[in-house]
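K.L.:
Here is how the chains run, residue by residue.
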Amino acid sequence: MELIDYHDEGQFFSGHVACAGCVEALSLRVILNTVGKDAIAVVPPSCGAVICAGYPNSAVNIPAFHTTLESGAASASGVKRALVAQGKPDTTVVCLAGDGGTYDIGLQALSSAAERNEDILYICFDNEGYMNTGGQKSSSTPLNAVTGSTPAGKTTAKKNMIEILAAHRIPYIATTTPGHINDMVAKVKKATNIRGTRVILVLIPCLAGWGVADDAAVKTARLAVDSGIFPLLEVEDGLNYTLNQDTKNQPVDDYLRQQKRYRHLESEAIANIQAEVDKDWQRLTQRVASAS
Amino acid sequence: MTELNNHVLLSGNHAVAWGVKLARPHVAPLYPITPQTPILEKITEFQSQGELDIELLTPESEHSAMAACISASLTGARVFTATSSQGLLLMHELLHYAAGARSSIVMFNVNRTPASPWGFWPDQLDSLSQRDTGWIQLYSETPQESLDSVIQAFGLAETLGLPTMISHDAFYVSHSVEPVSLPSQALVNEFLPPFEPTRKLDTASPQAFGAPIDQVTWNRSRQEMHATMAQVSDLVSSLGQEWGQLTGRHYAPLEAYRTEDADVVIVTMGSMCGTAREAVDSLREQGQAVGLLKIRLFRPLPAEAIRQALDGVPCTLVLDRNYSPGMGGILHQELKGALYGLNQGQRLYGLLAGVGGTNVGSAKIQQWVAEYCDAKPYNDPIWVE
Numbered sequence: 000m001e002l003i004d005y006h007d008e009g010q011f012f013s014g015h016v017a018c019a020g021c022v023e024a025l026s027l028r029v030i031l032n033t034v035g036k037d038a039i040a041v042v043p044p045s046c047g048a049v050i051c052a053g054y055p056n057s058a059v060n061i062p063a064f065h066t067t068l069e070s071g072a073a074s075a076s077g078v079k080r081a082l083v084a085q086g087k088p089d090t091t092v093v094c095l096a097g098d099g100g101t102y103d104i105g106l107q108a109l110s111s112a113a114e115r116n117e118d119i120l121y122i123c124f125d126n127e128g129y130m131n132t133g134g135q136k137s138s139s140t141p142l143n144a145v146t147g148s149t150p151a152g153k154t155t156a157k158k159n160m161i162e163i164l165a166a167h168r169i170p171y172i173a174t175t176t177p178g179h180i181n182d183m184v185a186k187v188k189k190a191t192n193i194r195g196t197r198v199i200l201v202l203i204p205c206l207a208g209w210g211v212a213d214d215a216a217v218k219t220a221r222l223a224v225d226s227g228i229f230p231l232l233e234v235e236d237g238l239n240y241t242l243n244q245d246t247k248n249q250p251v252d253d254y255l256r257q258q259k260r261y262r263h264l265e266s267e268a269i270a271n272i273q274a275e276v277d278k279d280w281q282r283l284t285q286r287v288a289s290a291s
Numbered sequence: 000m001t002e003l004n005n006h007v008l009l010s011g012n013h014a015v016a017w018g019v020k021l022a023r024p025h026v027a028p029l030y031p032i033t034p035q036t037p038i039l040e041k042i043t044e045f046q047s048q049g050e051l052d053i054e055l056l057t058p059e060s061e062h063s064a065m066a067a068c069i070s071a072s073l074t075g076a077r078v079f080t081a082t083s084s085q086g087l088l089l090m091h092e093l094l095h096y097a098a099g100a101r102s103s104i105v106m107f108n109v110n111r112t113p114a115s116p117w118g119f120w121p122d123q124l125d126s127l128s129q130r131d132t133g134w135i136q137l138y139s140e141t142p143q144e145s146l147d148s149v150i151q152a153f154g155l156a157e158t159l160g161l162p163t164m165i166s167h168d169a170f171y172v173s174h175s176v177e178p179v180s181l182p183s184q185a186l187v188n189e190f191l192p193p194f195e196p197t198r199k200l201d202t203a204s205p206q207a208f209g210a211p212i213d214q215v216t217w218n219r220s221r222q223e224m225h226a227t228m229a230q231v232s233d234l235v236s237s238l239g240q241e242w243g244q245l246t247g248r249h250y251a252p253l254e255a256y257r258t259e260d261a262d263v264v265i266v267t268m269g270s271m272c273g274t275a276r277e278a279v280d281s282l283r284e285q286g287q288a289v290g291l292l293k294i295r296l297f298r299p300l301p302a303e304a305i306r307q308a309l310d311g312v313p314c315t316l317v318l319d320r321n322y323s324p325g326m327g328g329i330l331h332q333e334l335k336g337a338l339y340g341l342n343q344g345q346r347l348y349g350l351l352a353g354v355g356g357t358n359v360g361s362a363k364i365q366q367w368v369a370e371y372c373d374a375k376p377y378n379d380p381i382w383v384e
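Sequence lines, in order, name chains R and Z. The first sequence lines up with residues 0 to 291 when you count with numbering that gives the first Met the number 0. The second sequence lines up with residues 0 to 384 when you count with numbering that gives the first Met the number 0.
To be clear, the hints were calculated from the coordinates, so they are not data collected in a lab. Please read these numbers as outputs of a predicted model, since none were measured by experiment. Relax, there's no trap hidden among the hints.
Calculated cross-link-like contacts (lysine to aspartate or glutamate; reagent style EDC-like; alpha-carbon spacing at most 20 Å):
no. : chain 1 : residue 1 : chain 2 : residue 2
1   : Z       : K199      : R       : D37
2   : R       : K87       : Z       : D201
3   : R       : K36       : Z       : D201
4   : R       : K87       : Z       : E195
5   : R       : K188      : R       : D7
6   : R       : K218      : R       : E1
7   : R       : K189      : R       : D89
8   : Z       : K199      : R       : D89
9   : R       : K158      : R       : D277
10  : R       : K87       : Z       : D52
11  : Z       : K199      : Z       : E223
12  : Z       : K375      : Z       : D262
Among the chain Z residues that face chain R by a calculated CB cut under 7 Å, a handful are:
no. : residue
13  : V26
14  : E54
15  : E59
16  : S63
17  : A67
18  : A71
19  : L200
20  : G209
21  : I212
Cβ coordinates follow ideal geometry from the N, Cα and C atoms, glycine included.
For reference, chain Z alone in the conformation it holds in the complex (with noise of 0.2 Å):
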């Protein structure tokens, strides 16, 4: 079934509060800062006009914000809430402890470079040094898909127990606006049921949550994510394929984009996957074979589909738009570790691409594949402007 949907024009951020608004979370602790607020404040304006019925929280702080989260969602509330670089990293104690917990918050975090010095542009460090946190990280590229994975997050987040985190590129994204297509309500009611955990804190069966245990016991809550972990993907997938059948929009954990034949691959994270596109468009009407895998999930990390993927293709540009000092680019990183003894010759690049917010035009993109297309491997990171 496939639904005429209307079309509006809407930022990224506001795309969000529109998913939100569809999702219809209980709970909203929320705190403000750039470039996130836009979602927060239209998440204000749905509530106070009365089309939003939510219990929102404006604490003192992201990291109150988080532990409201955390404590809502183990009551049994759909939770949601947002924010951006200092805010996730002053969470960061509580990421895992939402993750422990197994708690299903879904938030939206809007990248934005992490200080110092101070900076408000676009850069993936934020969230990718969230990585070790235990949460379900998904990145999207236009203001279509952030809406439309906002839904699906909540399916994926109250399905698994697991914490899920969605990002787009500050102002590329979270400002930028585009036609985005609303699903109507009937149609997200249909596609996302009602949150209903099989434990919760609840007066008629009293628990306790998260008291000291000992090694073994510990050992096993981290064994017992990890076989969580292992059913990501597929849900991914299959949410991705329900929603699509709703809507004509499908989604899956990669995409990859005309790489049939591919001699370069191009592979890469949120906004800049749209430029890659051109830049792909433009070789493969030059006579080029080049393609584009766009990672949409990176924690857990589809591996296996990014083998698959890639086996073959004889030179793979990872396009990194953060930088971990002392080692890189974070994708290439987990591109390395994904793709290790996969066949010999094989040349991977990682190309440290719009960091700390940059502009990376789809000429640039080009010049990059004309320069690595024949070079030799080359294993450290590689700066480019």
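Bound-form chain R, shown alone (with noise of 0.2 Å):
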């Protein structure tokens, strides 16, 4: 039993339009309670931003910035640096996307940020496709899993995010997941009291893009974390990496058998994705062992 220590100041309002049981909305009132009031939101399309606003309403107790789907990262930067030549440098800038704003069209936008060192906090709410189009894949979408765009399975692994922006060395990146919301305070806490690029790549299982059930995503995220398929970890400067669940105590067959997008695998295939499940953790481990 685990007390969660999270205190709501009234930054996420009720109202908002995510479907019922979806833990990016949790996911959201977490994290913007915790960023504060001090801060200004940039959102490009995404499930997160029809969570946030369709006007007139807004879901989000700070000021928000649309913008477009691969402008999340260069968006945040034009805030930022508008508030500096205003005199407000303390201001917190948090960029809210999806995996397809990060991973694919946001990515090459995100990387010119983290190369300038930009003070922007980016969270990155990863459901591992466009599931705000409906369901397709997208570069964070897992070997085998089914998608609109991938009906047989897709044929190619998740792309590595984390080591993506470890190669920029910028001061923090970090991962979480809304059935860790402790972590999640702790990690955005700790983000936002840094200066320069910092992303948080939060696991989102979708319930209707991955097939869960409406009561089973927190279940699915802890599972994701206890199974090492999608480990907790942060990475300082961009090499000094932290385990913050140090073991994997969950064959991913338990992982895979909570989501309908992996229920044609069979045992074959359910080997190969532990067997690589294993060969990461043991890379990461490595990882983890240098930086101390």
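Put the complex together from the two separate chains, hints included.
P.N.:
Pasting the structure below:
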């Protein structure tokens, strides 16, 4: 039993249009309340954009700029520079993007902002596909997952965004999930107090897109971490890796069985995924060991 | 009040950078491209020497440069960027966005041929093909006009909440060195008030900008833009007059040069106006009643002023340094629309002159005037060399 230490400051309003049971809405609530009132949001098209606002309503209690899909990091840079020029360097600029806007079409702008070490907090709500357009594959979609554009299962692996970002030597990269609220709060708080480009990848098990039961998203997120598929980690200055949960104690099978996108898998494919996860875990623990 | 100004030798691009320095923007996202780059480098030099306090961003593309411009402008900063050709075309999506978001960006574009094939030559298709994006568009003939227009453009963009693009021709203006009068900082400060938008991204007043809206509200946003566009021509006039009172250099949406009682009026934009002016002088010396109508404000097109300027003129030659495939010269098309139904018997010729940056000299323009002053009406575009 884990006590959740979380204080809601009313920064995220009820009445938004997320699907019932959606853990992206939960994550937005936790993140926005942790970032606080002295912040401006930049939101590219994504599930998050739909949750945050439909004119004339807004679900967020901070100014929000809705930008184009590929421009999240560039738009956030523009807001930050304008604030600095007007003597407000302490206001947090938080980009709330999806994985399409991060791994795919927004990667170029994100890489450039990271190279310039722009003082922005970039949150990627990673539901491993274009779920807001009905569920097509992105480069974050994992091997074998069925989507609207990979009906027989994706034939290539999920892009390793952590390593791509680490290669930019930015001050802070972290992963978290809505199944780990204390971890999420701690990381967002830590990131908010760092200057420079900070990126947090939040795994969002998508009820509709992954075929997860309405009440199983939190459980699925926890299984993703427990199985080692989505390790909770931090990378500081691109080199110092920390594993926040340093054991994996579940087979991938339990995680995969929560999701209809994997229900076509035979035991051989599952064994293959398990082998890949084990190899990735080994590489990761080596990095952690070499960092300390 | 007119002050005695310092004259210095400046290229068109360096004149732009001087205009930027005097207008003192807060933020400038800039990406290099030939033949714009001297603007970027001069602004960077001003900043590195401590002469200009500005946040410079050097993103990975013009697309990200424009994205940063939009959000910085909506956060209340005075914003400038510069580009050319492929860079402007890469921005296309965000040009619509910048206008729809009612940002107040000033952008300088150096007119250059769009690929393919590759070329680096003066041709106005890059900016003219952006005419439906919602940007105010001004065209400049000389380095002096480019400097003056940059400063006036900030007044225009920030008063109306519409992004403003100024263009001058590659090399003919961008790299040609001319004596340029530099206004003093005090004069520019008097002319250009600080940017204080009524709405901005501000933690004191949390609002959402650009969120999804319904059909009726989207429709209304365009009606509002249309109403604002209707104010542009008058404001270009009044800013040009005010600038004239301060500097002795007056500007307007159009400039009519020796058009009184003209039998033939040449209509064009940008550097070709200088050559056309020479041709007009030569023809007037030879006793021919020929004038020039220079279009400085292209978007919104000052149609009523154009109708007045060309009312009763029997023959108009439009010189287009651009080609819209399947249609012809874009200015020709615009003029046809503006003059529709004005008077019977008026002849309007669209000459595709200097497309791709080919040289158009005064002698050639004189030759075309001779060819077309008594010709039969002809509706299609005419390729001339």
